[in-house]
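For the protein sequence lines, the chains are V and F, in the order given.
The UniProt record's numbering puts the first residue of the first sequence at 1, with every later residue one more than the last.
The UniProt record's numbering puts the first residue of the second sequence at 1, with every later residue one more than the last.
Certain hints may be false.
Copies of the same chain look alike in the list, so a pair counts if it works inside one copy or between any two.
Claimed, not checked - Pairs of lysine to any residue, SDA-like flavour, derived with a Cα cap of 20 angstroms:
hint	residue 1	residue 2
1	K35	S707
2	K430	T9
3	K710	S54
4	K639	P263
5	K639	H83
6	K710	P484
7	K460	S571
8	K649	P91
9	K639	I629
10	K639	I82
11	K649	I247
12	K649	P129
13	K649	G123
14	K649	Q268
Calculated directly from the structure, the hints in this document are not laboratory data.
Model, not experiment: these values are computed from the prediction.
Number of protein chains: 2
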Amino acid sequence: MAKSQALQTNMDVDYVVVYRFLKTDKTKAVEQFEKLVEALSAIGLQTEVRNGDSHSVLLFVRVASDEHLYGEVYRSRVRDWIHGVRAAAPPKETREALEAEPLYESERLRIIYQLITNPVSEGGAGITPKEGEWEGVDSIFALHDRAYNADWIKKWRSSFFLQTEDLDEIRNRFGEKIAFYFAFTQSYFSFLVFPAAFGTAAWLFFGHFSALYGIVSCLWCIIFTEYWKHQEADLGVRWGVRGVSRIEHKRRGFQHEHITTDPITGEQVGIFSVQKRLQRQLLQIPFAVAAASVLGTLIATCFGIEVFISEVYNGPLKWILVFIPTGILTTTMPILSGILTKLATQLTDFENYETHAAYENALTQKIFVLNFITSYLPIFLTAFVYVPFGNIIVPYLDVFSLTVRPFAEHEKQLQSPGADWTINPDRLRKQVIYFTVTAQIVNLGMELIVPYLKREGTSKYKKFQSERTAKNGGTSPAPSVNDPPEDAAFLERVREEVELEVYDVTTDIREMVLQFGYLSLFSVVWPLTSVSFLINDWVELRADAIKICQNMQRPTPWRADTIGPWLDSLSFLAWLGSLTTAALVYLFSNDGLGPDGTPANIRAWALLLTIFLSEHIFFVVRFGIRIAISKLSSPGVQKERRDRFLVRKQYFEENLKGLERLPKLKEVSEQITRESLEEDARRSSLSESTAEERFWARQRGLRETVSVGKDLIQRAEVEKSQERKKEL
Amino acid sequence: MAKSQALQTNMDVDYVVVYRFLKTDKTKAVEQFEKLVEALSAIGLQTEVRNGDSHSVLLFVRVASDEHLYGEVYRSRVRDWIHGVRAAAPPKETREALEAEPLYESERLRIIYQLITNPVSEGGAGITPKEGEWEGVDSIFALHDRAYNADWIKKWRSSFFLQTEDLDEIRNRFGEKIAFYFAFTQSYFSFLVFPAAFGTAAWLFFGHFSALYGIVSCLWCIIFTEYWKHQEADLGVRWGVRGVSRIEHKRRGFQHEHITTDPITGEQVGIFSVQKRLQRQLLQIPFAVAAASVLGTLIATCFGIEVFISEVYNGPLKWILVFIPTGILTTTMPILSGILTKLATQLTDFENYETHAAYENALTQKIFVLNFITSYLPIFLTAFVYVPFGNIIVPYLDVFSLTVRPFAEHEKQLQSPGADWTINPDRLRKQVIYFTVTAQIVNLGMELIVPYLKREGTSKYKKFQSERTAKNGGTSPAPSVNDPPEDAAFLERVREEVELEVYDVTTDIREMVLQFGYLSLFSVVWPLTSVSFLINDWVELRADAIKICQNMQRPTPWRADTIGPWLDSLSFLAWLGSLTTAALVYLFSNDGLGPDGTPANIRAWALLLTIFLSEHIFFVVRFGIRIAISKLSSPGVQKERRDRFLVRKQYFEENLKGLERLPKLKEVSEQITRESLEEDARRSSLSESTAEERFWARQRGLRETVSVGKDLIQRAEVEKSQERKKEL
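Just chain V, with the same shape it has in the complex (with noise of 0.2 angstroms):
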């Protein structure tokens, strides 16, 4: 009872310092802590100190009084109105402002979080953990609502589609960055419901490589790219965050080559030579160049000795040795992944970007280009070289059996079969299979599974080393022996949670972005594609709701109003899909039997053209859709609307009630006294009159005018009336 109370509650508590000092000095770690506490409680935080484990404390932090928040709220709020994000500037009495809209909890937190990161002079604590002179700061993170959680997953496995309401929470309790991803994996599951029906049908009825499946899946998928920015434009303005990316987030790891005085704010501001970072990320092409070398090298070797001992090889073991290609890239794959992608931080860090979102920008797009490679180039090669070219390739694949020669019996197992080989045509749609349903079992298994093991597995050693300690009579004592007894299984819990690993976000956007392109690219292959997904994303939902509430830190709540670079990635692989998709139908179109390894079979233009044409209606279909769509009306834009109208209301009504006390011109002009008359004449007698003041005195007033005006009309309708009648 009182353990499961202490996981319930969570003290308050509104971060944990993980202070870590294994590697520092002693006095000098106590030194650093006592800094950190000092600068902690002078933006007013509250603080507690309790034992870590390995080395370190956990420093609690809770917000004195809601008064010390107000300055970095509105700050932050004065930051969004001029960017746009909001439509009327915060009242100018923070207090006021803060009751008038008081925060929700993902945004007291993130407050908190900036209160702690930012630097001194914006008014924060400016600590850095793991930078600088905050090196003994590990991490800095909230606890796990666990309440809220339970009733979250819970909720969620009973329900089929997600309700806005869903993703409200969400975006409440772990921000807007993390609810947009949810917001997209849902929005994009309900929308596989269409081609997970149609490609049922199509499969069941169309035959292969069916033109209709492919037109269809085409068209659902610009609708889909399409849709997701209206509705990511929405879900931005309902959670008020519409506009947030274009504030610019300085980055900590920037570092200037000289330092100027701004001419506009007078700060002293570091400056980095626009050229000079131009000529690095030109070393983004023999970036690509390379990766794109050693992986499709890799690839494209491993599917070649694939080929050859599937469809070559003839001797002993051959079921057994088939795998040895897959066997090569499971294993080496990761490795060189893993470089490459470091390489690509590494290379990203050295573009030296000033701002945060630039930073993102430049890595997602060099991490998308490793993952495109990896994802689809085995599916590439069998479509594009090995069912038109097989033929002519697979005589050079003879380079390949000294992997297998050690078993083969004879020289003619290893020898190709000349003339009467055949490609395999049903090799496409195996592969094609095997990355849709295979891989992305495999991959959900990996995410769930894995860190479940590793987590028991610590736990495991753990006890098995305080046991051994102990023992041996050890004097290292667990960390919790001088915990109170009544905070003991809330510090467990505390501790548990510092062991677990942060969450990225963006790899969960970058698997969907991934399976959105198996599903344009090649999903005329197998049109059974969407139904795999659909499985797949209803559990993938789910299973990350999981990983983040048990598997993981709990997250620090960004706002976002986009899921970020891999919009362009998403829109990039909708268009490729139009190009791909034709082509596949093209050379499938003989029943779905292919070129069949010989490129003579294909007439060249006919494919160009079929390419260039599919291609190009496709812009013109995506052109007309975006369109339609912008036409859609949607609760976001009503609000934005009804927010702008407010506030102008406001301004209007302060203001021009005033301007209603204005003397009405009819009144000054008619009030023609003896007076006025008289100054007027003396006036006009007087020689420095201009012409300008006698012009406009000749009729006085609007009732002049109007009776001036008037007797030159029926002048002009006597003359009138004088010509009809000369006339007639």
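Please build the complex by placing chain F on the supplied structure of chain V, with the hints as guidance.
Using the frame of chain V, we list chain F on its own:
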């Protein structure tokens, strides 16, 4: 002397309202005139009436005092601020607002024009020229500033490049919309210097249809288009209009289906169903098809006749008969274009757009389609039909023999020469030269000389007529009879300006965009194209200035932050250029001879591949250039930053100072007095204290946290050293 002075002064007149009563009945005319004067007075305008030409009166208006403008200025500025055009909200006291930022001339005129034409509900006089109740109001225009105009033209005559300050002047006088046209043309003109130089070099040294020239030309098109977008944004900030295109102006012609109450503003608003509009918009497709077939048939027929006469016909009068098709085109084309333009306008009216911007956009698209066909189709026919398929088509041209049959002496002169006939390889070049030199000159002449002749003619005719009337003893006096002698010259000038046409800047923008099209699509045929355009545009810029000053009424100064939908046409033409240039370079790669009339000479796959590659290289390069240009800093961007910074600073300063007075946490927490300790003890002993309270009560204040933390660290250190000892 008096006359020249009269020509200089505008008598402080802000606007001239021309009121005609030819068709209306006398009493009604007088009544309506009275209403007009009253409406104008009600919004604070002073009026003077004078006689006008042919059954009209001229109503001169000026603002009685600046205070009467406040309301509209304030309304306009609040609207700007809400839409993000201004960084800061205008001060709530309008007088202050206007003192801080005085109006410039075109802004003042725009505000007054809006005051006159805006609906009464929005604080205007609701006068809508030529519409509904105000049918008698023929036009509302400001008077030309003769002195400025003379200076302007004089200055431009002697300068080669225009400076930004010259554009600022135009903006101050004629408003941003016209200034943007001049800025665009000026920017285009400066950019032309490079292709003119490179084109000359290509013409001299690179031979026919140089691929290098093609690449450079496409690159130039991209850079110009993208750079202009950048410059547009920059000028928008400079002129403080960035984002005004986002402000939606209700279109007056909009007709609602039904009226509902707006849930947001509570106003009664007219609704027109989106579906219905979409259905109507679909009519664009048959319209475009019909326009294309009508114009296309006409052009193709004339083309056929021309080819027949010039290359097949061999009889007498050939030298004159060859002009038949040109004759047909020059007579029927303007009529057809006129009809189609009118149809396009009606179709756009029928589509019933709610906002002015949407209407303009839709109309521009249609006009662009029409212009595209009339401008470029003839060259397309030559390049992609005549040259590759000439030998196949020419025999079928016999049908056109009937056009010249009467002149032929015997049948043989009408028969195609059969196998020995070859296409005229020079035709394409000649045609491009015709469109890029001859037609441009003719066009320029039409723009300048025709209105001049028209004006002269009208004034001659009027003189003649009044003389005749006088001879016949007619009573119709010149309108100037009643003029005060002092104002006579001024009024005569005003009457002249009443007769002038209304300037429409989009016509001029369209002309420039179409010219750009020749450059992007066909300049590879004749690289000297840009030299011709460079000369033409120097004159064009000056001619347009003269046109606005002398041939047109002073245009109402509208705001804009872009050249509008023509920007899309520009991008479209640049893109299409990447296709046509590649196709032309490939087709004529045999030393400029081309496929020589027989399509068998073309390898279709190679042609398609060339186009495909060229297009995709175009996309990639454009992407790169966009990014590079977006990195450019500019005065505009800096100004925007400064504005934002200042507003933010002001807000922070006004409010965050108050926060400094908040008691620091340190001081609060360390006031451990005896009383508070006792209170504490009492509270912790009470059973109601919660776990949270007890958790946070263990360390009171930062000093206690520090000392406990110190203790924890030191103890851990001790353990560590003990362990280490053990290990040793």
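Outcome of the hint check:
no.	hint	verdict
1	K35 - S707	between (87 angstroms within a copy, 12 angstroms between copies)
2	K430 - T9	neither (51 angstroms within a copy, 86 angstroms between copies)
3	K710 - S54	between (100 angstroms within a copy, 16 angstroms between copies)
4	K639 - P263	between (38 angstroms within a copy, 11 angstroms between copies)
5	K639 - H83	both (18 angstroms within a copy, 15 angstroms between copies)
6	K710 - P484	between (100 angstroms within a copy, 18 angstroms between copies)
7	K460 - S571	neither (46 angstroms within a copy, 65 angstroms between copies)
8	K649 - P91	both (16 angstroms within a copy, 15 angstroms between copies)
9	K639 - I629	within (18 angstroms within a copy, 35 angstroms between copies)
10	K639 - I82	both (19 angstroms within a copy, 14 angstroms between copies)
11	K649 - I247	between (27 angstroms within a copy, 16 angstroms between copies)
12	K649 - P129	neither (46 angstroms within a copy, 29 angstroms between copies)
13	K649 - G123	between (35 angstroms within a copy, 14 angstroms between copies)
14	K649 - Q268	between (41 angstroms within a copy, 16 angstroms between copies)
Checked against the numbered hints given earlier, this structure breaks hints 2, 7, 12; the rest are met.
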